[in-house]
Amino acid sequence: MKLKLKELRKTLYIFATEKTIGFTLISIFLGLVVGAIFLAAAGFNPFQAYWVMLLGVFSKPSYISYTIIRATPLILTGLSIAFAFKTGLFNIGAEGQFIIGSVAATAAGYFLHLPLLIHIPVVIISAVLAAGIWGGIAGYFKAKFGVHEVISTIMLNWIALYFQNFLIYTKGFQKPGGETSYSIQPTANMMILKTWKQSEAGREWLLQHPFWKDLLRTPMNWGFVIAILMAILVWFILNKTALGYRLRAVGFNKFAAEYGGINVNKNMIISMFIAGALAGLAGALQVVGVSHKVTLIAAMEGYGFDGIAVALIANSNALGCILAGLLFGALKYGGTKIQMFPVKAPSEVINIVIGSIVFFISIPKLIKVILTRKNKKEGTK
Amino acid sequence: MIETILSNIALIIGTTLMYSTPLIYTSLGGVLSENSGVINIGLEGMMVIGAFAGAAIGYFVGDPWIAFIGAGIAGGLFGLLHAFACVTFGANQVVSGIAINFLGAGIALFLSRMFFEGATMTKSIPLDNKMPRPLNGVFPDGSLLNIIFDNQYATVYLALLMVLIIWFFMYKTKYGLRLRSVGEHPTAADTLGINVMRIRYLAVIMSGVFAGFGGAAMSLAIVSNFRPTLVSGHGFIALAAMIFGKWKPQGALLACLLFGGAQGLAVFLGQFDFEISTQLISMLPYVITIVVLIGFVGKSAAPSADGIPYEKEHKN
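Chains A and B are the protein sequences, given in the same order.
Quick note: the first sequence uses this note's numbering, first residue 1, plus one each step.
Quick note: the second sequence uses this note's numbering, first residue 1001, plus one each step.
The hints are simulated quantities; they were obtained by calculation from the structure and are not laboratory data.
Any given hint could be a false lead.
What the hints assert, rightly or not - Restricting the straight-line Cα-Cα distance to at most 30 Å, the calculated cross-link-like pairs of lysine-lysine (BS3-like) are:
| # | chain 1 | residue 1 | chain 2 | residue 2 |
| --- | --- | --- | --- | --- |
| 1 | A | LYS197 | A | LYS365 |
| 2 | B | LYS1123 | B | LYS1174 |
| 3 | A | LYS144 | A | LYS266 |
| 4 | B | LYS1123 | A | LYS266 |
| 5 | A | LYS365 | B | LYS1123 |
| 6 | B | LYS1172 | A | LYS337 |
| 7 | B | LYS1246 | A | LYS266 |
| 8 | A | LYS254 | A | LYS266 |
| 9 | B | LYS1123 | A | LYS344 |
| 10 | B | LYS1312 | A | LYS144 |
| 11 | A | LYS368 | A | LYS213 |
| 12 | A | LYS254 | B | LYS1123 |
| 13 | B | LYS1312 | A | LYS368 |
| 14 | A | LYS254 | A | LYS175 |
| 15 | B | LYS1123 | A | LYS144 |
| 16 | A | LYS293 | A | LYS254 |
Unchecked claim - Some chain A residues well away from chain B (every beta-carbon gap over 10 Å; in silico):
| # | residue |
| --- | --- |
| 17 | PRO61 |
| 18 | LEU112 |
| 19 | LEU156 |
| 20 | ASN157 |
| 21 | ASN263 |
| 22 | LYS266 |
| 23 | ALA298 |
| 24 | ALA309 |
| 25 | GLY355 |
| 26 | PHE359 |
| 27 | LYS365 |
This structure is a prediction, so every number in the text was calculated from the model and none was measured.
We put the CB at the ideal spot given by N, CA and C, even for glycine.
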């Protein structure tokens, strides 16, 4: 029995301390524990709160759909940051690249009049290019002038934010009487079965099929599928192509890469372009799939900053970003449910949970130390 | 004519000082932490918790200085958390800093909802309980000095004083030398009997204290309450200013003044009925910062051991 326990602990040790999914899972669990402690200290029942959250995410098809819709942009901004991390760059600028992407998508979606099947790809490609260039600027500044990408992307975030607000007050783009832009043309709308949902026949059919009715109540769209395809593509580029090899080499050791004949500056710009393109895609999908327009923003919306946490939880693994993004989407969407009756707890506890998860992820040694100590005690007995 | 120009310049200088102050405190915090070898990307979160603590204590206690110190302590606790991860457990410092940002915002809003009947905005502090304005009414009405200093809160002068103190500490005292040696070459410092761990702990905690001051300089002086959008990115701008200022207190001061100056200019231009939109003018500070960085700052070098956890070698 004792031997078995020891072995179990050993397995647990390896499971928890290597950079594996096990370690991530333990960090997530500990993060939820910290959140529970805060809830309990404030006089709420943490079990009830988490149960309500769980129900709020899984108990209805529409809830699951909303969770996925929330997760979609985060998967992509997470990918953007993870990609830059792999090249040794810290892309704080996903926030601004997201904004540029959504602005470009709105512009292309509103001003262009194209047939149905062409319009959406055109909108997405223009957004991706615009945001890619926006990200590439930071890469160029770093390559050419040695400007730290953390500073330039922080500044570019704000410039992007005011640029969007500027456009919203621009005649021709601003919807008269509102602090929003015009909505994109119906041909650029990526919502699933949008026209059918509102048609006579559609409404009748949905009335008889409550499951589908509930599911299609949400702005369900193809964004999630695209995000997953992108994650696979990014994984492929990084791990299976020469470009990915070069980018990773630059991230691993700039000087060695240079010595090996890799053009470091060029690869930095490429990396930031791709990172920007991914964040811009997030913005574009948000516009064509969910919001259909851009509105005045007073402060950063957080898609980029949340993306940093997604990338970190995923350990910068492209496929991990899908899971981390879904976790994040679930926490964020589920978090709104505990604000309501019957729990009525501050939904901000979610940020505490996320912060704690990231915190535990930053210190793999802590778990190591705890487990070693136990092993040692066992040994002295 | 000349008088109008001068008074306009005075006005811009005044707003420059006002906007720079929170950034100065926070970037000083960054200077302390990073010179000891610990990257602190969590300044934003520490600033948020400081801004909340300042506003909440200010509202309930009514004394601005107690509130200011309370904000420093709140920031310092987050610094302690960061130090715990980075110094004791050799954490990835960027990751820990990002965690601090989420925790700072989360805890501040959580507590705000608990103490202010579910609101994420704290109740306003009456003017009498805000930071004092030491030079209010000292200079004659309409004089240039009056335009610059009349409405400046005590936090402004204290920030400038702090730059001087930190500069003196870092370059003229043996403790400052130790701090820098730990950030440049911890192994060598260790060999000379300097306690690397302790110095890093103190430096990171103090960086939290300063970031907390920075937050309170907003919530207790520039405005009179805390709200979710109050800090919104200023911690990151202070971080940028610190890098921009080449990890030195005097450099950080200049970077913060440049940024505040650009913001002051934007506010000044905003009052005219230009054809240019206020949104474009609001971009100015950020554009100017990038232009200046490209123009003449060039590559900046962090302290050699910045970001690298220090571990004593174990004898096995």
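Here is how each hint holds up against the structure:
For the proposed pair LYS197 of chain A and LYS365 of chain A, the alpha carbon gap of about 53 Å is over 30 Å, so the pair is violated. Annotation: proposed proximity of LYS1123 of chain B to LYS1174 of chain B is violated, straight-line Cα distance about 45 Å (limit 30 Å). With a C-alpha separation of about 10 Å, the suggested pair LYS144 of chain A and LYS266 of chain A falls inside the 30 Å cut-off, and the hint holds. As the CA atoms of LYS1123 of chain B and LYS266 of chain A are separated by approximately 52 Å, the hinted pair breaks the 30 Å bound.
Pair hint LYS365 of chain A plus LYS1123 of chain B does not hold up; C-alpha atoms about 42 Å apart against a cutoff of 30 Å. Between LYS1172 of chain B and LYS337 of chain A the alpha-carbon distance is near 56 Å, which puts this suggested pair outside the 30 Å criterion. Proposed proximity of LYS1246 of chain B and LYS266 of chain A is supported: the alpha carbons are some 26 Å apart, at most 30 Å. Between the alpha carbons of LYS254 of chain A and LYS266 of chain A the distance comes to roughly 12 Å, so the proposed pair stays at or under 30 Å and holds.
Distance restraint check for LYS1123 of chain B and LYS344 of chain A: the Cα-Cα separation of roughly 21 Å lies within the 30 Å cut-off, and the hinted pair is therefore satisfied. For the hint pairing LYS1312 of chain B with LYS144 of chain A, the CA-to-CA distance comes to about 39 Å; that exceeds 30 Å, so the pair is violated. This hinted pair does not check out: LYS368 of chain A and LYS213 of chain A have alpha carbons roughly 49 Å apart, beyond 30 Å. For the hint pairing LYS254 of chain A with LYS1123 of chain B, the CA-to-CA distance comes to about 51 Å; that exceeds 30 Å, so the pair is violated.
Distance hint between LYS1312 of chain B and LYS368 of chain A is fulfilled; the C-alpha atoms sit about 17 Å from each other, no more than 30 Å. As the CA atoms of LYS254 of chain A and LYS175 of chain A are separated by approximately 48 Å, the hinted pair breaks the 30 Å bound. With a C-alpha separation of about 48 Å, the suggested pair LYS1123 of chain B and LYS144 of chain A falls outside the 30 Å cut-off, and the hint is violated. At roughly 41 Å between alpha-carbon atoms, LYS293 of chain A and LYS254 of chain A are farther apart than 30 Å, so this suggested pair is violated.
Distance check on PRO61 of chain A: its Cβ is at least 30 Å (rounded) from any Cβ of chain B, clearing the 10 Å threshold; non-interface status holds. Residue-level check passed: LEU112 of chain A sits 24 Å from the nearest beta carbon of chain B, beyond 10 Å. Against the 10 Å criterion, LEU156 of chain A falls within the reach of chain B, whose nearest CB is about 8 Å from its own CB. The non-interface label for ASN157 of chain A is inconsistent with chain B: the shortest C-beta to C-beta separation is roughly 8 Å, within 10 Å.
With a closest Cβ-Cβ approach of about 18 Å to chain B, ASN263 of chain A is found to remain outside the 10 Å limit, as its non-interface label requires. Non-interface status of LYS266 of chain A relative to chain B is upheld: no Cβ of that chain comes within 10 Å, the nearest being about 18 Å off. Look at ALA298 of chain A: its CB is around 6 Å from the nearest CB on chain B, not clear of 10 Å, so calling it non-interface is violated. The non-interface label for ALA309 of chain A is inconsistent with chain B: the shortest C-beta to C-beta separation is roughly 6 Å, within 10 Å.
The Cβ of GLY355 of chain A does not lie farther than 10 Å from every Cβ of chain B; its closest approach is about 3 Å, which violates its non-interface assignment. Look at PHE359 of chain A: its CB is around 4 Å from the nearest CB on chain B, not clear of 10 Å, so calling it non-interface is violated. For LYS365 of chain A, the shortest C-beta to C-beta distance to chain B comes to about 4 Å, within the 10 Å cut-off, and the non-interface label is violated.
In this structure, the earlier hints numbered 1, 2, 4, 5, 6, 10, 11, 12, 14, 15, 16, 19, 20, 23, 24, 25, 26 and 27 are contradicted, and the remaining ones agree with it.
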